[in-house]
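Trainee: Protein chains in written order, with my numbering: chain A, 1 to 346; chain B, 1001 to 1346; chain C, 2001 to 2354; chain D, 3001 to 3354.
It is possible that part of the hints are untrue.
[Unchecked claim] To give a feel for the contact side, a few chain A residues facing chain C, derived at Cβ under 8 Å:
id, residue
1, 111
2, 115
3, 118
4, 273
5, 277
[What the hints assert, rightly or not] DSSO-like mimics (lysine-lysine), calculated; alpha carbons at most 27 Å apart, straight line:
id, chain 1, residue 1, chain 2, residue 2
6, D, 3205, D, 3172
7, A, 221, A, 254
8, A, 47, D, 3278
9, C, 2339, C, 2172
10, A, 221, A, 159
11, B, 1047, B, 1128
12, D, 3278, D, 3205
13, C, 2172, B, 1047
14, A, 128, A, 159
15, A, 221, B, 1159
16, B, 1221, A, 221
17, B, 1047, C, 2205
18, A, 47, D, 3205
19, A, 221, B, 1186
20, B, 1128, B, 1254
21, B, 1221, A, 254
22, A, 159, A, 290
23, B, 1047, B, 1159
24, C, 2339, C, 2174
25, B, 1221, A, 186
26, B, 1254, B, 1073
By construction, these hints were calculated from the structure, which means they are not laboratory data.
For each residue, glycine too, the CB sits at the ideal point set by N, CA and C.
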Amino acid sequence: MNAAANAAAATPRAEATTGLPAELSRRIYDLMLQSRLLEERLITMYKQGDGFFWIGGPGEEAFSVPLGLLVDKGHGPDHDYLHLHYRSSGTLLAMGADPVDSLRQMKNTATDPYSKGRNFVGHFSVRKWNVVPVTSPIEVQFSIAIGTARAQRAGSGAKGITIVQGGDAGTAEGDFATALVWSSRKGNELPLLLIVMNNRYGISTPYAGQHGCDQIAERGKAFGMPTAIVDGNDPVASYHAIQQALDYVRTERKPYLLEAMVSRLRGHSSASGANLVRGELDCVERFEHKLEEHALMTRAEMDQLREQYTQHLLDASQQVLREPQPEPGAVWDYIFADEDQVGGRS
Amino acid sequence: MNAAANAAAATPRAEATTGLPAELSRRIYDLMLQSRLLEERLITMYKQGDGFFWIGGPGEEAFSVPLGLLVDKGHGPDHDYLHLHYRSSGTLLAMGADPVDSLRQMKNTATDPYSKGRNFVGHFSVRKWNVVPVTSPIEVQFSIAIGTARAQRAGSGAKGITIVQGGDAGTAEGDFATALVWSSRKGNELPLLLIVMNNRYGISTPYAGQHGCDQIAERGKAFGMPTAIVDGNDPVASYHAIQQALDYVRTERKPYLLEAMVSRLRGHSSASGANLVRGELDCVERFEHKLEEHALMTRAEMDQLREQYTQHLLDASQQVLREPQPEPGAVWDYIFADEDQVGGRS
Amino acid sequence: MATMIQAIRMALHVGESRLGVTEIFGEDVGPPLGGVFTGTQGLETTWNTPLDERGIVGMAIGLALAGRRPVAEIQFCDYAFNTIDLLKIAGNTYWASGGDWNVPMVLMTPVGAGIRGSIYHSHSFDATATRLPGWKIVMPSNPRDAYGLLLSAITDPNPVMFLKPKALLRLKGKPGEEIPGAPADDRQLASMIDAPPADKRAGWKPTWPALEDLFIPIGQARIARPGTRVSVLTYGRSVPMCIAAADELAAEGIDVEVVDLRSLHPYDWDAITESVRKTNRVVCVNEDTEITNFGEHLIRRLVEELFYELHAPPRLVAGGHLPGIGLADNLEMASVPHKEGIKAVIAEVARHEP
Amino acid sequence: MATMIQAIRMALHVGESRLGVTEIFGEDVGPPLGGVFTGTQGLETTWNTPLDERGIVGMAIGLALAGRRPVAEIQFCDYAFNTIDLLKIAGNTYWASGGDWNVPMVLMTPVGAGIRGSIYHSHSFDATATRLPGWKIVMPSNPRDAYGLLLSAITDPNPVMFLKPKALLRLKGKPGEEIPGAPADDRQLASMIDAPPADKRAGWKPTWPALEDLFIPIGQARIARPGTRVSVLTYGRSVPMCIAAADELAAEGIDVEVVDLRSLHPYDWDAITESVRKTNRVVCVNEDTEITNFGEHLIRRLVEELFYELHAPPRLVAGGHLPGIGLADNLEMASVPHKEGIKAVIAEVARHEP
Ligand SMILES: Cc1ncc(C[n+]2csc(CCOP(=O)(O)OP(=O)(O)O)c2C)c(N)n1
Ligand SMILES: Cc1ncc(C[n+]2csc(CCOP(=O)(O)OP(=O)(O)O)c2C)c(N)n1
Ligand SMILES: [Mg+2]
Ligand SMILES: [Mg+2]
């Protein structure tokens, strides 16, 4: 942030043109950049053998960063519950997560705060911020999110809402329908924001030919919930769309389905090489042009930021390599919340 | 049929007014009555202790009978596959099933052709007519029906289509969404007629408060499939609605969602007493008035039919009580289609 | 004396009135029905869910994550087999998050045969349940244990599965199986807590007795019948059958000890080994299908640890490896253990000459 | 020599070209990817399904009912746990309909640990699969068996589950594990049937070798390594580990017989008992979690039937009863069996003095 802060003070002109206060635009850019560079560092670690698997969010920053800035962060039903997917690093960074913790999970160190070296990178868990554990099975978060949302339903007195996020292909799972059905029950509606990140692929399978609807958002209509589609490569449009959706869910205590059209800049995961994909729009690049155009930041400032974060992440990754791996016996920790009393070992 | 056949020859007037040829109207009535009397006999058997459980179709005859008359009956993909539910006795009788076989399943005799005394009444299985086994788990038939439909998809050369039927509450299961998603894939559509029998209850739970849509049919729209809602207590309207839906699916080889509003005249099952429920419209009674009104049948003819079938079913039930029960060792039959080779017993 | 289903209802009342239970839900769990077995009649926090088992389990997990204390029901365990992935998540969330999020939920579901329920109202769930690491699994065999185990389940910080032996739900407790605070007189209790017939139910409210706490620790077995010659390790519906078999065998001079595990996970290894060390002979009895069966785990561990103390081959009496349980009497009887069969195996083991 | 994944691809080619397979489908099974493990590259009848495992299993059942011969894939068995109810239906349809409808389908899915797959790419499925009456379950340990078992599965009139040991898929066959008709030279075979890199794949077609039939009967085990002192009953990924352990133990003068079950259901009881009668000592090895594990079934049946022929307590070497398999080396290694641990247990059993 500091570097960005040094930039010229916001000008109303800029605000008018980017559609967001200058300071906020710079803040969003700063976080998008951090998030992008984090993913690039993770990919490099993977390619250097410092991690077994990479999956993440290059191409979703323009949406995930505004989401992280707009959530009501905190613990308990008075704040927002987040059921995210494995491409949500931008949201976590915007909420204040330390990028180094993602490097720890990448290297599956004992110091990994999200899973203690047990889970793949991108599988966040931050109880103090209501970020429930990201699960690998696609779409189950939609069946689970209705539960935190019910704890916040109209009449419960809770101020927070529940946000659940997944991909486009995953909406074919019954769990997506479960969330639509359970959140829209007449008289029993749930304060649930359903977010579909549509990158038009499920691993190698294109959207076309797999769905009966041109847009996943259409599926919300039968359930009487408002729906919207936003250019998830545009942080300004995303910011406004998320804000509008959140306002509706917060005040109405009813569900809302938001579909964001996004890019998949590094393909599905390390399993498909994690190399740059041609023909996919890069939201960071595009926003940089916009910031330059509107004189909100100079190329030099942006280059400096990039350099600074790149160096920081490089140093951090070297630090992480020196951190301890989990002990073999650690597999027996955290099986039960009271005592680790295991059948066959009681 | 004989008795009905004796009735006065069809008159164009009658046709104009019932909306179906006189002969067909009488045929439908005859089958609705048989189906109703069969269910009443089954309930009596249950109450007399000649069966452990009853569930069935009183209140769905006006829809299920026309459905049975309109299906393309036969074996293999050139004929229609039927994935029915446990209230489909009218459809089976209209297809030519012998009511006595239902009494056998009720009494779980070894002679029960549908399950050899293994399954509850109403759990039909008639391979020679493409009637796949009715399963107790709600809605799974919707996930299975996409398979028979795929065997019949455009380009396969198959002439038949697939018909799948379930209740209203069951549409909350992910399997209903699975059928919607898989049958409507653009360029890969399936010739599938989805039928929802909406009696506004799931056991004790009313429709209101459980769904976000006023009608289940709305859920088909997002998937670009035609939908219709029909008064399932009116055999004439049902006949036309089913015919229209079948024509579309047969010619377009694409899915169609048809919702029939029906009654549940005896409650959910024997578990809730199987007694007459007040305030539910009786489709047989209503059709009798119509037939009388249009001079298609006289009260006397209808009474005579009722008496004749009642007596026949009574005799048949006494006959069935004398039929053998399955042998204990029979549990080991039909585990594998090649040989009954069971692990631990090979 | 209370029936098991009344005991469950009373435990849920205690749960929602003073142990922090926030909601009790499932298909037909709320008014007007109050559960297909009447187990949730007259309670304050019950509600009816959509017909979607995945939603029910997901809802319970989510509520637990949000700090509520949900008790969810799957109407019959036969319909829980499309939720195993979610049950695994409930069991692995605490572990996968390195201790960050625990999932305090209770899942109740009726299990087993005995009511001529045919293929889909007769499944057992114990073998499947014991394959869900991170879950605690309990299964009562009498009303008092049902009450005490459910209170413990409700207050446990982990996911706990409460398996209800369908065939025992309507059986009254025997002496020693009292529910603390519940009136001993059946008719009095029924008039207080059993809902009137559907048509007279509108506006009805139960009068709850002054129920006392009873926490039967999860992981603690009960010697249902002390004996010296053979140890029978069992639970749920099989317990009364094994006791009846044991009583008949006593007449033949065979003194059988029946160990009611009550908790399948964690299970009471100390009680099991103590009994087997005493009798040197063991029979495991349960209703689930025989291949990859929880009783086989107990036998495997016993032969690993107590091989030379076994004076006869351990035996398993379980359900046949069949695709389903058929409706006809003959079919159901031929598919799951019954007193005569259990008796015969126990006698064989007892009379076995090393 | 062919790898197991090449063997599977060749078997599927034989299946679709002359054994009546009508479609091969699953997530990313069709072009362009041809399976996350390349198992379905270059085939004619493959297609990509929606991301919905319930739909995939239901689709396979429906196709089988319609007289087609489907081969369906669940991308990782870790994602099959929301379909157990449908798998049960595939297994009970023939029985429930009294022999009216059979369900000739093949379900393939990669199983097990060994690739640092973390919590959701490391599950085993053998214990769960053996709890599905009406299914036949096979699991190869080498390319030739994979080829021969898959051909048998494809032609079987029942549902057959083909469990693919993930960690072995890319390993080449050893002498004696040839695929009849496939070129012996690796590079030649690869050039014929392995798809080129994604960017050069457009328009590519494989050149299939003149493959011969090889039907390895379902239900027939294989003595992977003959021996006299201890019988090791195992399958899949554990087989090479057990052979390696046995080879090292040979140096210590312990002659171990490794029985590769190949079929988990029906399993080859004759081969098992013949081996155990010879060695009088038995160790079961598999990766699945240890509580309610299929190896425990084998041990239970062995002690029931061969108690007095056992000169040492039978042992199970299996995965820990853990909520998941952790990503870090230490965690995965501590969660599933490995050569050293297997070796130690076999040695103990071999050296055990009755
Ligand atoms: C239930 C389940 N099935 C299959 C997989 C394997 N898998 C991982 S990601 C993925 C594709 C997901 O596509 P989408 O939902 O569009 O999300 P995206 O990766 O494109 O963001 C698949 C099939 C899984 N993780 N979970
Ligand atoms: C998967 C599953 N869950 C629960 C049940 C228990 N059950 C049997 S019928 C029924 C209600 C079905 O309601 P609906 O789908 O509307 O069909 P209807 O009985 O009203 O015709 C329920 C919950 C079941 N059979 N299957
Ligand atoms: Mg996608
Ligand atoms: Mg209904």
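Trainee: Sort out whether residue 3205/D lies within 27 Å of residue 3278/D, counting only the CA atoms.
Mentor: It is violated: about 51 Å lies between the C-alpha atoms, which goes past 27 Å.
Trainee: Need the status of pair residue 1221/B, residue 186/A: alpha-carbon distance at most 27 Å?
Mentor: Roughly 19 Å between the alpha carbons, so the hint for residue 1221/B and residue 186/A holds.
Trainee: The hint names residue 115/A as touching chain C; please verify it with the least Cβ-Cβ distance against 8 Å.
Mentor: 5 Å, holds
Trainee: Can you confirm whether the C-alpha distance between residue 47/A and residue 3205/D stays at or below 27 Å?
Mentor: 31 Å, violated
Trainee: Against the 27 Å threshold, does the CA-CA distance of residue 1254/B and residue 1073/B hold or violate the hint?
Mentor: At roughly 20 Å apart (the allowed maximum being 27 Å), residue 1073/B and residue 1254/B satisfy the hint.
Trainee: Need the status of pair residue 2339/C, residue 2174/C: alpha-carbon distance at most 27 Å?
Mentor: 19 Å, holds
Trainee: Would the stated hint for residue 273/A survive a check requiring a Cβ distance to chain C of less than 8 Å?
Mentor: Nearest chain C Cβ about 27 Å off; hint violated.
Trainee: Min Cβ distance, residue 118/A to chain C: is it shorter than 8 Å?
Mentor: Holds - the Cβ of residue 118/A comes within 8 Å of chain C, reaching about 6 Å at its closest.
Trainee: Is residue 47/A close enough to residue 3278/D, meaning Cα to Cα at most 27 Å?
Mentor: 51 Å, violated
Trainee: Is the shortest C-beta separation between residue 277/A and chain C less than 8 Å?
Mentor: 30 Å, violated
Trainee: Residue 2339/C and residue 2172/C were given as a pair; does the straight-line alpha-carbon distance stay at or below 27 Å?
Mentor: Between residue 2339/C and residue 2172/C the Cα gap is close to 20 Å, so the pair holds against 27 Å.
Trainee: Quick check on residue 111/A please, does its C-beta sit within 8 Å of some C-beta on chain C?
Mentor: 10 Å, violated
Checked against the numbered hints listed earlier, the structure breaks hints 1, 4, 5, 8, 11, 12, 15, 17, 18, 22, 23; every other hint is satisfied.
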